[in-house]
Each structure stands twice: as C-alpha cells, then as structure tokens.
Amino acid sequence: MTRAWMAVAALACLGAGKPVLVPDVSDRQVQIVYSFTGADLLLFGAILYPQGRAPDHPADIAVVLKGPTQSILVREKRKVAGMWLNADSARFRSAPSFYAIATSRPLARLVDGRTAAIYELGLDSLQMSPASSAPPDEQNRFEQGLIDLKRRAGLYVQDAHGVEISDGVLYRARIAIPARVPVGRYVAETFLIQDGKVVAGAVREVRIDKSGFERFVAQAADRWSLAYGLVAVGMSLAIGWGAGALFRRR
Amino acid sequence: MHVYLPIAGLSVNMLVIVLLGGGVGLLSGMFGVGGGFLTTPLLIFYGIPPTVAVASSATQITGASVSGVLAQMRRNGVDFQMGCVMVAGGIVGSGLGAMLFRFLERLGQIDTVISLTYVALLGSIGGMMARESIQTILAHRRGEAPRHRQRRHHPLIAVLPMRWRFYRSGLYISPLAPFLLGVLTGVLTVSLGVGGGFVMVPAMIYLLGMAAQVVVGTSLFQILFVTAATTMIHATTTKAVDIVLALLLLVGSAIGAQIGSRFAMKLKPEYLRLLLALLVLAVAVRMAVGLTWRPGEIFSVALE
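Same order as they appear, the protein sequences are chains F and A. Per this note's numbering, the first sequence starts with residue 1, numbered consecutively. Per this note's numbering, the second sequence starts with residue 251, numbered consecutively.
Just chain A, same shape as in the assembly (with noise of 0.2 angstroms):
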C-alpha cells in the first residue's frame, strides 16, 4: 500500500505510518504526552526530509490534543488566563524558534542542534522522572504515605517584577514566568516538532507551582494553539508541511489515544510514569549514541 507524499517527494507505505501514528498515539493515550518526541525522530529514521517530519508532526499534534482539550474544559480542568498567556509566549517563541530553524539550516548544524537538544531535553526530564517514579513506587512497598511536596513556586519566579492573581491555578506570579514558559515550547515546536507537553507539565508543576488539576488541561490548550501556529508559520515559510502524512499520522493517532487511554485506567500512575520515563531515556540515549557513532552518511547535499 504505497502512497507518495506530494511535499515530502517520495512515496512511503501507507501501513507503517498510520501503524508509527497508532503507537505513538498509543503511547500518548496511556501516558498524556503528545509524542512528538517519538513522532519526528522516527519519521526522519523512516526516510522523511527533517523538515517536513518537524512541520507535518506539528499538524498532527494539533489535532491530537483537541479532543483532550474539550474533554478537560468539561471537566473544568483549563486555566484560561493563563493558557492565553502561554499561549502569547508560544506564538512569540514559534517566531523566534522559525528565525533560529533557518540560521542554523544555512550554518548546516540543524540536525546536530536538534539531536543534543533533544538528548539534553529528554534526558535530564527523562531522569527525573524516573527519579521521582522510583521514589514513590518504593515508599508505597514500605507502606510509607507518600510525602507531599508543598506546592509552591520557585524563588527565581518570585524575582520577576508585575505581579497577576491566576485564580484557578491559585497563583499570585508574574505573568512573565507562563510566558517565557510558553516562548520556550514555541522554539522547540518548530524546531523540533514537539508539542513539548513533556517539558511544560513539569516546569508547570515544579517551577510556577500550579494547582495540579489545570496542569494538564492549560498545557493541552497552549499545545493545540501553538501547535496550529507552528503549522501556519511552517506552511508560509518552510512550505514543509505534508497535508498527506499529517492525515496519515492522525488517522493512527486518533485510534491509537483511545485505545491507550483505556490501557492507561489499569495501570498505577506511578508505573506509569517510571515506563515513560524509561522510553523517554531511551530515546535520549539513541541519540547520544547517533551523535557518536560514525553516521551512515558522511556527506549530504542541500539544494541553494
């Protein structure tokens, strides 16, 4: 079942990749992360030009988070200030991430940045989640109640100067802190083709402190409104994005979350959190490895 994708240039099995958007959808219903970080490496491993794996991931990735969106809003899950807040930082940071994607593509270091930052990225989140999962996993064999982190945020967010109350994430901070926040995601949206849910639930919970029953749903909003900018800019400025494998990613993608959402009611949250962890390491070390190793291509050719 070969179908030639008209913007990538090249025709790929309609199978593997409805099958890649199905695990990583899979993977996104069990655990509440988007993928991207599975999403683009393993379409660029499958033979897609970088470009337009990052641009069309970016698409997918919009339309898996809408259904999680209004499924929090129902549950009332969604900080609205604040998500618009991020959501203003991710616009800004997807401009900026767009500017730094073509300065280091003339330089011709794009794909070496995408790799450390996704090596330094996963593997520093990966670890701490590991962590974190293996702590409590082990104070509940000790029948230990788990020690309750006092929710608070971070002295450095305390610095910044203008203070708003956010009402539902019970928080008196600086607007600045959810935007530079959102700016930060924005960059590595674009550049490399990530909600970065994975890097925003924690940062969320860990540095500004939000009350957790919005965390995930603000976090899914920012990524459905970022994530359809990103579109947008790469569309007018990349001209990357495969509407044909962007349908392809989804159509897995949307069965996929069902079915692991499902999956995700049996399993206890704690080993759940320590299996995406150790996937998230695990991806975090291919790359390391990839950086090392003699690469299969020494040379590589870019149209001028």
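Just chain F, with the same shape it has in the complex (with noise of 0.2 angstroms):
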C-alpha cells in the first residue's frame, strides 16, 4: 500500500524536472536460523524521468548495503626472531562490519574521488575513522590490509558491473549476504548518478538478525549466562553418561 503510495507521490514529482529514484529491497528482514549458510539479498527499483522517458545519456546506478560500524583494532604480524607475531596495531573507529556496492559501469567512470569520499563509494573511499597518529602511509597499509583481509571473507564486495539496468528505467542488483555476516540494522542506499554527480538518492532499512533457536541460544549466553554455563554442563554430563550406559549394556 504504502508502496503504491511513493510511486503516487513520485509520479507527481515528475515534472520537477530531476529524475527521481522508486528503490526497494527484495527483504527488509534477513533471518539467520539453523540452516543460514548466506543469502542473496535483492536490491531493484525504477528511474522516473521527466518526461517519462530515458534521455540519450541514461544514468547510472550504484547501490550500496552498509552494515553496522564497529571500533575495530587491526594487527600486523611481523617476523620477530624466526617467528611470526602480532606487531604493529592501528586502531579504526567507524569500520562497517559489512560493505558491499554494485555499479552499472566501474565506479571509476562514474564519480571523481571527491564525490566518492562524500558518499562513501568505493572500499578505497570508506571514512574508517583512524585514531592514531601514525603517518598516513602507514594508516594506508593497515587500512588496506583491512580491505583485503575483509574482501576475502566475503565481507567488502565492490562488483563494478553489479547493477543491471534494462530500457533504461529499471535497475536490479543481487547482494550476496556471507553466512559470518555480522548482525544488526543495515542500511541500503541507491544512489542515481549523471555527468559525474549524484542526482537523486533513496535509502531504506535491512534488519539482519538471528531468530528462531539460534537467537535463543546467542540471547541465553549473553544474558543469562551462568545458567547457559550450567545448561552447557549438564548437557554434556547427561551424553558423556548416556553414550557410556547405551555402550556398556551391549
């Protein structure tokens, strides 16, 4: 209903002369249970032109799902007398536990750094908050090491031919949510882009959250976690006991 409402509302923005952006996500909610081994989350929408039609120079698209930030450390392991240790550490205020942005075309062709850095485009424009005071090469190195580090696990993605745009008006993009994906309130952003500028944004919420037994057992742990404890050690007691009982009866 309220759906309808916006495309209502956005039709009537039409003659305003600045195209206008109608986004939604496939799940407002992503549920972890038992069997969550990731999920694809989808992020599509329509481009209102004026005029209602696509001009020659049809725009882009790049959309955006943050995760939480978190004050992070990150470490470095140095080789320290034939052995590999912890050395170096720089510490980030704001790392999202969860970045991942698709484009129509690389982000590169699209937005100069300046515009990148505003909108948080691109792992290479993430506003990480160093609290330090290292030299800023050295922030660099760690902060790479970071993208690299959380690009591998699945959790930074930047996929530069992620968004499909057919006729010129709708726009799809498929997110792939890892199994270790952090839980919290996500943010989905969509940004339309023309002539190296940002011309109209949407955001909309994704709650990503444990349900079911799991968020039981993760809220048992946390909260009452003496008789978690208790819980954890009878449950063992009673198999160690049942295993040997069922075995020895043989």
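Any given hint could turn out to be false.
Said to hold, decoys possible - Pairs of lysine-lysine, DSBU-like flavour, derived with a Cα cap of 35 angstroms:
1. F/Lys18 / F/Lys197
2. F/Lys210 / F/Lys18
3. F/Lys150 / F/Lys66
4. A/Lys489 / F/Lys210
5. F/Lys210 / F/Lys150
6. F/Lys66 / A/Lys489
7. A/Lys489 / F/Lys150
8. F/Lys197 / F/Lys66
9. F/Lys77 / F/Lys150
10. F/Lys79 / A/Lys489
11. F/Lys66 / F/Lys18
12. A/Lys489 / F/Lys77
13. F/Lys77 / F/Lys66
FYI, nobody ran anything at the bench for these hints, they're computed from the structure.
Take each chain as given, in its own frame, and dock them per the hints.
Below, the structure written as structure tokens:
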C-alpha cells in the first residue's frame, strides 16, 4: 500500500525536471536460522525521468549495502626472532562490519574521488576514522590490509558490473550476504549518478537478525550466562553418561 | 548438511564437526587421553574463532570424561582425597588462567602464546613418551624383563612443607604438590581448551610417584570437574561457549571413544604409547612450523 503511494508521489514529482528513484529491497528482514549459509539480497527499483522517458545519456546506478560500524583494532604480524608475531596495530573507530557496492559501470568512470569520498562510494573511499597519529602511509597500509582481509571473507564487496539496467528505467542488483555476516541494522542506499554527480539517492533499512533457536541461544549466552553455562555442563554430562551406559549394556 | 553455530556466528558442515569429534574420540578411547590437544587446533584450523574453539572444547571434554570416571569408580580407581585437592587447585588455576588469557588477548599475543605452549608441552611430553615406549619395545625384543622403576616421588616434592597421608595413592606428601599441579592444568584448560591429562598423568607417575592403579581414574576425576568449572568461567566471562558446537563434538566423540577403547584392547600398550607419542610429536612439529612460516594472513582484526 505504502509502495503504491510512493509511486504516486514519485509520479507527482515528475514535473520537477530531475529524475527520481523508486527503490526497494527483496527482504526488509534477513533471518539467520540453523540452516543459514548466506543469503542473496535483491536491490531493485525504477528510475523515473521527467517526461517519462530515458534521456540519450542514461544515468548510472550505484547500490550500497552497509552493515553497522564497529570500532576495531587491526594487528599486523611481523617476523620477530624467527617467529611471526603480532607487532604493530592500528585502531579504526568506524569500520563498517559489512560493505557491498554494486554499480552499473566501473566506479572510476562514474564519479571523481571527491564525490566518491562524500558518499562513501567504493572500498577505497570508506571513512574508517583512524584513531592514531601514525603517518598516513602507515595508516593506509593497515587500511588496505583490513580491506583485503574483509574482501576475501566476502564481507567487503565491490562489483563493477553488478547493477543491471533494463530499458534505461528498471534496475536490479543482487548482493550476496555470507554466512559470517554480523547481525544488526543494515542500510541499503541507492544512488542515481549522472555526469559525475549524484542526482538522486534513496535509503532503505534492512535488518539482519538471528531468529528462532539461534536467537534464543545467543541471547541466553549473553543474558543468563550462568544458567547457560550450567545447561552446557549438564548437557555434556548427560550425553557422556548416556553414551557410556548405552554401549556398556550391549 | 550445514548448520549455523549461534555463538561462533558462522555456518559449518555438521558432518565435518561430528567426524572430527569422532576421530578425536577414537583416539581418546584408544589412548585414554581427552584429546583436547587435537580438538582445539583442528577447530581453529577449520575457521572457528580461537576463543570459541577453546571454550567449547572444554565443554566437550567434560562429557567425554564422564563415562571414564564412572568406570574407574566401579574399579575403585579414584583417589577422592587426592582428586579433591587437585580439583581445588584446578579451579584456582582456571580463575588465574582466565585473567592471563584476557591480559594476553589485550596484548594481541594470545595466539602466539597458545602455539608456543603447545609446542613446548607436546614436544617435551611426546619426546619423553616416545623414548620410554621405544626402550620398552626394544627390551621386549631382546627378551629382557622390563626394568621396574622404583616408585617414589621427586626430591623437589619432599621439600614442600605440611604432609598429608593419601592412602589410596600410597603417599605421604605435602598437599601443595598436587594442588600446584592442579593449578597448572587449570591454567592450561582455560587457555588451551585441553583437559590436561597428557600433563597430569606423567606428572602423577614421575613427579608424585602415585600408585599406578589410581593415576588414570584420579586424573579423569580432576579433568571432569575442572573442565566443568572452565565451561562456567568461559560462559560467564568470554561468553564463548557454543552449545551447538559442543553438542556436535560430543555426539561424535561419544561414539568414537567406544570404538577406540575396543580397538585398544588388540594392541600392546607400549606400541599404543609409541603411536600416541608420534601423534603428539606430529602436532607439536606442525605448530612449530606454523610459527615460523609466513602466515596466510598478515593482518588480523579484533573488535574493541
């Protein structure tokens, strides 16, 4: 119902001269249950141009899915006396726990560095708030190390051709959420980019939560930790005793 | 068959974890050790966060040692007085270990310390066991009767003040010795996720000089209570006990242990000890190599 109203409102804006975005996501809520091995989130929508038809230079789309930010410590291993030990470290106050960006063309051809930095478009433009007074090249080394690590874990993703635009007006992008994804409030942002400028943007919220048994266990471990520990001990005693008794009878 | 581990926060192949538990259980049934020294590194290798691996492995060892303790009790193989002193030490040790663990974690050196401790412990104990079992095997081959080592406690133990009589163990020694031994294994249980049987048993035989028939039972008794205490400590401090992971491991190890103990009856004990020694040494060598090789990941992330 609200979606219908949004479309009506969007149509009403058509006279304004600027294109308008009507975005949506396939799931407002991603539930992590016992069989969760990751999920695909579909971000899709329509671009409404004034006069209702796509211009000769169709605009581009960038979609971003961002997880809750975390304050983290990145450590770097170095060889000390023949062994690899954690040596230097750097602190980042606002590293996104998850960041995926998909664009209809490579990002470098869509926006310049300044615009990318303002809208945090692309892995190289993340604002991580480094909290140390280390020289920039050292901070950069840690930042690249972090991005590389998260990238291979599937938690940072940059897909240069991840957005499909059909007939210049309908777009869709599929973002893979790996099983190791942290839970929390996610933000799905869609940007309409024309001639190197962001001309329209829209935000949708996505919640990723443990549910059912998984949620219960995680909450119990956190809130009633003493009882949780007792149950864990009781369970292992019961199984150990049970198995012993079972095999002895044979 | 994937299943999501609610505390570890990732999904694993259920079959892999059950088989891992089964394999470790098989070995523990064969050799009479808990097998924590294999479970924890293998879980970490599979991608489980180290703290979760250590905590859940301790939970699993509790279950794995129950039937052993009951069997030993029926055989009258537990010195409860000695066991209680060791449990008291173990609980103090696990408290200390938890503090040490948190301190090292903050320094960022916990992984290195865990690996180094493994290398030192497994290397020395594996070496000792291998030497002893090879000597026994060679003596058998030459047809000599195995020399019986005279049972007596280490001179260092005699120095400790205050002496108690431990009737079942046939000892008149200071309770501080088993207490301190308990403290040591408590620290190991909290920080490494091992029961500590592979340290306890040789120490009880060679340092304390306990009567052989109560060594295994008393060690299992101590492990049962100290791993249970460790689970409680991890549950309330690190909150890293994954009940689903522990359950999967237990199902595997409960079955594996029964098969293993049947297997063990077909082999001569000295060959069994040699096999265990080689296995322990292999884990030690793998860990030592891992410390010196360039790691797969240079960077690591810790939440603040």
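Hint check results:
1. Taking the CA atoms of F/Lys18 and F/Lys197, the gap is near 12 angstroms; set against the 35 angstroms cutoff, the hint holds.
2. Restraint check: the Cα-Cα separation between F/Lys210 and F/Lys18 comes to about 40 angstroms, which exceeds 35 angstroms; the hinted pair is violated.
3. For the hint linking F/Lys150 to F/Lys66, the alpha-carbon distance of about 13 angstroms falls within 35 angstroms, and the restraint holds.
4. For the suggested pair A/Lys489 and F/Lys210, the alpha carbons sit about 17 angstroms apart, so the restraint of at most 35 angstroms is met.
5. Between F/Lys210 and F/Lys150 the alpha-carbon distance is near 21 angstroms, which keeps this suggested pair within the 35 angstroms criterion.
6. Pair hint F/Lys66 plus A/Lys489 holds up; C-alpha atoms about 27 angstroms apart against a cutoff of 35 angstroms.
7. At most 35 angstroms may separate the alpha-carbon atoms for a hinted pair to count; A/Lys489 and F/Lys150 meet this at roughly 24 angstroms.
8. For the suggested pair F/Lys197 and F/Lys66, the alpha carbons sit about 21 angstroms apart, so the restraint of at most 35 angstroms is met.
9. At roughly 17 angstroms between alpha-carbon atoms, F/Lys77 and F/Lys150 fall within 35 angstroms of each other, so this suggested pair holds.
10. The straight-line distance between the Cα atoms of F/Lys79 and A/Lys489 is roughly 32 angstroms, inside the 35 angstroms bound, and the hint therefore holds.
11. Between F/Lys66 and F/Lys18, the direct Cα distance comes to roughly 26 angstroms. Compliance with the 35 angstroms bound is thereby established for this hinted pair.
12. A threshold of 35 angstroms between alpha carbons decides the hint, and for A/Lys489 with F/Lys77 the separation of about 27 angstroms falls inside it, so the pair holds.
13. A C-alpha spacing of about 28 angstroms is found between F/Lys77 and F/Lys66, which places the hinted pair at or below 35 angstroms, so the restraint holds.
Taken one by one, the earlier hints fail for this structure only at number 2.
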